[in-house]
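Q: Put chain B on the given structure of chain A with help from the hints.
If you want the building blocks of each chain, they are given just below.
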Amino acid sequence: MSDAIEIVALGGELEISRKREIRDAFTLPDGARAVLVDLSTVTYADSTALTELLRFCVTAQRDRMPIAVVIRTRQFSRLVQYAGLAGAFAIFEDRDAAVAYLNERVKP
Amino acid sequence: MNASPQLRLRCPAQSRSVAPIRHALRAFLQAIGFDGDCLDDVTTAAGEALANAVEHAYGDDAESVPFVELHARIARGKLAVDVSDRGSFIERERLPGRGFGLRIIRAVAPQIRIDTARGTSVRMRFHIPKR
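Sequence lines, in order, name chains A and B. The numbers in the numbering used here rise by one with no breaks, and the one at position 88 of the first sequence is 88. The numbers in the numbering used here rise by one with no breaks, and the one at position 119 of the second sequence is 1119.
No lab work stands behind these hints, which were simulated from the structure alone. By construction, the Cβ of each residue, glycine as well, lies at the ideal position given by its N, Cα and C atoms.
Simulated coverage check for chain B against chain A, where a stretch passes if three residues somewhere in it have a Cβ under 8 angstroms from a Cβ of chain A:
#	stretch
1	1010–1021
2	1032–1042
3	1101–1114
A partial selection of chain A residues facing chain B, derived with a Cβ cut-off under 10 angstroms:
#	residue
4	E13
5	R18
6	A45
7	D46
8	T48
9	R74
10	Q75
11	R78
12	A83
13	L85
Same shape as in the complex, but just chain A (with noise of 0.2 angstroms):
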């Protein structure tokens, strides 16, 4: 993986009360050049995550920053789905492609 590829991590059940723990890992690292979201060991999320994890997307656009968010659990999945935000990230299932849709965007 490229050096130049910074991963935010979160897992359990991401909900309203760890709102303040999500707004803060969700913040652009300095020097990145691209950031993988790594939410594959989520268990449960809610639309709190969601509204922080659009937040967080949406800033990364506004900077050119190419993002990819990793996401397994079924309920997730849904949850982007219902609220019609599923064209609004680049989601994979698999880390190593969202790794590899990284490395394309980050190429000199």
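A: Showing chain B alone in chain A's frame:
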């Protein structure tokens, strides 16, 4: 007497109350035969209603009693899940950060009604999966 199973929980309207209530609802649903996507969808919708209640129900209304209540039971051939609080109703879809909650509930629950006569009650009805 042949009473229908039901779950009624009343907790402080705090964000840390949401997960335990949701876990109890999930266990109740599993006990009455829900699984897979149906199980996930009902707990997702209830989780959104609970999060809305604890985050926005009370605001500056110091006269309100700060609690949130969940009542789940089988009624008229459907699963009924009501999430109630005594806070002032807020057009929550318009509030920053909670714009997706009601959208998700509406996408998941075949029937939803919001009563604001005394506090706010989000009344959701779901189909019962066939065994």
